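The lines below spell out each chain.
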Amino acid sequence: MTSKPCPATDRPWQSESAKPFIRIRNVTKKFGPVAAVDDVSLDIYKGELFCLLGGSGSGKSTLLRMLAGFEEPTAGSIEIDGQDMAHVPAYERPTNMMFQSYALFPHMSVERNVAYGLYRDNVAKGEIKQRVADMLDLVQLSGYERRKPNQLSGGQRQRVALARALIKRPKLLLLDEPLGALDKKLREETQFELVTIQETLGVTFIVVTHDQEEAMTLSTRIGVMNNGRIEQVGEPREIYEFPGNRFVADFIGSVNMFEGVVTENEADFVRIKSKDGDCDIYVSHGVGCAPNQKLWYALRPEKMEISRERPDQKENFFEGIVEDIAYMGNQSAYRIRLKSGKIVRLTRTNRDRGEETPITWDETVFVSWGPSAGVVLIA
Amino acid sequence: MSETAQQDRVRPWRFADWFVRHGRMLVIGLPMLWLMIFFLAPFFVVFKISVSELAIARPPYLPLTSWEDGKLILTLNLGNFQYLIEDSLYVSSYLTSIRIAFFSTIFALLLGYPMAYVIARSTGHRRNILLMLVMLPFWTSFLLRVYAWIGILKANGVINNFLMWTGVIDSPIVMMQTDFATYVGIVYTYLPFMILPLYANLAKLDTTLLEASSDLGARPLTTFLTITLPLSIPGIVAGSMLVFIPAIGEFVVPTLLGGPDTLMIGRVLWSEFFNNRDWPVASAVAMAMLVLLVLPVMWLRRAQSQQEAG
Chain D
322 MTSKPCPATD RPWQSESAKP FIRIRNVTKK FGPVAAVDDV SLDIYKGELF
372 CLLGGSGSGK STLLRMLAGF EEPTAGSIEI DGQDMAHVPA YERPTNMMFQ
422 SYALFPHMSV ERNVAYGLYR DNVAKGEIKQ RVADMLDLVQ LSGYERRKPN
472 QLSGGQRQRV ALARALIKRP KLLLLDEPLG ALDKKLREET QFELVTIQET
522 LGVTFIVVTH DQEEAMTLST RIGVMNNGRI EQVGEPREIY EFPGNRFVAD
572 FIGSVNMFEG VVTENEADFV RIKSKDGDCD IYVSHGVGCA PNQKLWYALR
622 PEKMEISRER PDQKENFFEG IVEDIAYMGN QSAYRIRLKS GKIVRLTRTN
672 RDRGEETPIT WDETVFVSWG PSAGVVLIA
Chain F
9 MSETAQQDRV RPWRFADWFV RHGRMLVIGL PMLWLMIFFL APFFVVFKIS
59 VSELAIARPP YLPLTSWEDG KLILTLNLGN FQYLIEDSLY VSSYLTSIRI
109 AFFSTIFALL LGYPMAYVIA RSTGHRRNIL LMLVMLPFWT SFLLRVYAWI
159 GILKANGVIN NFLMWTGVID SPIVMMQTDF ATYVGIVYTY LPFMILPLYA
209 NLAKLDTTLL EASSDLGARP LTTFLTITLP LSIPGIVAGS MLVFIPAIGE
259 FVVPTLLGGP DTLMIGRVLW SEFFNNRDWP VASAVAMAML VLLVLPVMWL
309 RRAQSQQEAG
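These protein sequences, in sequence, are chains D and F. Each position in the first sequence, counted from 1, maps to that position plus 321 in my numbering. Each position in the second sequence, counted from 1, maps to that position plus 8 in my numbering.
Please note: incorrect hints may appear among the correct ones.
Stated by the list, open to error - From the structure, some residues in chain F lie toward chain D, with a derived Cβ separation under 7 Å:
1. R129
2. E219
3. A220
4. S222
5. G225
6. A226
7. P238
Keep in mind that the hints were calculated from the coordinates and are not lab data. Since the model is a prediction, treat every value here as computed from it, not as a measurement. Glycine residues also receive a C-beta, built at the ideal position from the N, C-alpha and C atoms.
Turn these sequences into a full structure, and let the hints steer you where they fit.
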C-alpha cells in the first residue's frame, strides 16, 4: 500500500491559515518523578490519520490516554475542536477509543457491545438497531450479532472493537496498537480496511503504534516519539527521506551512520571527512553548521551502489569486503566490512535473472553513492 | 522403524501405560473414598436414626430391623417427619432460620461488596494489609468473639454506656437477646466469607473494561451497574452461599446473642438432641435441613455451569 495521493489542498499542516482540530500545548504527564510525556506540543487536523510512533515507554500511549480522558495532564492543555478538555471526564469527550486488548465486554453479545455507546446516549431503540446493523455491515460482521466475544476469532474481535468505537460517530477516534494482536497477513488486510473506513467516515484517527511499517502505510503524518518527547512530525516520506536526527533515522527503516567532521562548509555544498573511508563525503547542499563540527551522515541501504571496479569519482565511495549476502528474492542484502571495521548494509534490487558472475562472499568491492543520497544530521 | 522394535520400546512402559489409563480413577478415587467414609456413612447413620422409633434406652432409639417368627421385619418410622410438619414449632423455626440467614446474607453482601471492591482496587502493600485485617479475626476463637459482642451490646455494655454518657439516651437500649443481636453476630461472623470470594472476583476484573465503558459515555454509576456488577455475579453467588448455608444452621450466635423467641433450627436441633434426648426427631430435623440446603445449592450450581457454557 502506498500513501494516498495527497493534493496540496489536502495538507492543512502546510497551510498557515488552517485551524488545527486538536491542539496539544506543552503537555507534560508525570508519574511520580518520571515524566512519561515531556512538554509535547502537537497540532492535528480534521480528517487526518495521524500515527504516534515510538518504542515501548516512549510516552505514546500516555499521550493517547490523555486525549481519551483517562489521564489528566500534569501541565499543559489539550483542545479538541476548539473546546478545552481540562477536567472533562472521558464519558463527556467527543472521542472514542479502540483498545489494544479490544476490551470487549465479555458478558454481552456482539450486538450489545456495539450498541453500548448508543444506549448510554439514550438513542431510540429503533435507531440503535438500524445503526448497529449498518455498522456491523461496514466491518463485515453481519450475522454475528448474537455471538459472545469469546466465540470470535482475533480478527473478528478487532472489528467488533472498531465498530463499537465508531458507532457514536466520534469526532476523534483513538486507536491503541489496533493491529498489534493480529497475525501478519490479517494485519495487512486490515490496514486497507482501516484506511477505507477512515476515508468513508471522514473521522480523524490518531493511531498509536510501535510498528514503523504500519505507521508508514497508514498515516497522513507520523509523530515519532522517544523518551516522552516528539522527535519529529512529518509525512511518511518526509520522515523517511529527511529524518531530523539520528534517533528518527535509525528508528524508521535501516540506515548506515557515518560519523565525521566538516572540512568544507559552503552555501551549496559541504565536504565531510569520516574515519570510515579514505575519501571525503560530498553533499550537494548546504548545512547550517560550524566548521570542524562533528556530525553524522545517514545513508539508507537502498541508496548505494555496489561494484567490483573502483568508481569513477573522487569522493563518495568506500572500499570493503563482502561479509554476508542475503538473497531475498526481490532484492539482495549485503553486509560489507569497511577497512575501519564498520559494517555497511546495502540492498540491491535483483533486476536481472541469472547474473553470470554475481558478487560473492569475501570479494573486495566498492560501495558508492550520489551527492544527494544521504542526509547530514547534526543531532 | 520395524514393528517389533516399536513394541520393544513400548514394553518397559507398560506400568506407565496402565497408570495413564487408570490413574484418573485413582486420583478421583481417593477423595471419593474420603467422602464415602466421612460424609456418606455418617449421613446414612443419621438417616437411619431419623426413621427409627424413640425408646428409653441406650442408644435412645429402636433398631430398624427385627426378627420374628422367621420373618425379617423392617420398620421405617416416618412419624418423625410427620411430626415436623404437624408441630408448628419446626416449620416456624425453619422459616425463621431462612429469614435470618437470608437477611444476614443481604447485609453481609451490602457491607462486604464495597469492602471487597476497595481491597481489589488498592495495590501492593495496602492491599495486603487490608486482606490481613479481614482475616485477622479468625486468629481468635469464634466463641470468644461472639462473647465479646455480649460485652458490646448488653445493657451496661460499650454502646449503651457511650450513648448515655453523651446524653443521646436516658435509659439503655435493649439490644441483647433480640433478632438484632443475632443479625449483628451472624453478619460479623460470616462477613469474611463474603469478602474473600468477592475480592478474588473483583481483583481479576479487567480495568480496561471500565475505561472502555467510560469512553463510550457511561458515568461511573452506569459503568458499575452494567459492567462491574454483572461480571461479579459469580463472586456474589459464591460469597452468598458461603454466608447463607452456615447461617441457616447457626447455633452459637442465636444461643448466645438471640432471645428466647429467636428460634433458629440449629437451636431446636440442639435442644431436641440434648435436652429432650429425642434422637429420631433431631435426626429428622437435620435431614430436612440438609434437603432444604442441598436442593437450592444444586440448582444454583447447575444454573452457574449452564451460564458458563452458554
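*Does the nearest C-beta of chain D fall within a distance shorter than 7 Å of the C-beta of F:A226?*
5 Å, holds
_Interface hint outcome for F:A220 [beta carbon to chain D under 7 Å]_ = 4 Å, holds
_Agreement of hint F:S222 with chain D interface, Cβ distance less than 7 Å_ = 4 Å, holds
_Does the closest beta carbon of chain D sit nearer than 7 Å to the beta carbon of F:P238?_
5 Å, holds
*F:E219 as chain D interface residue, shortest Cβ-Cβ below 7 Å*: Cβ of F:E219 sits 5 Å from chain D, so the hint holds.
*Does F:R129 pass the interface hint, meaning its C-beta sits closer than 7 Å to a C-beta of chain D?*
15 Å, violated
_Does F:G225 hold up as a contact with chain D if the rule is Cβ-Cβ below 7 Å?_
4 Å, holds
Violated hints amount to a single one, hint 1; each of the other numbered hints is respected by the structure.
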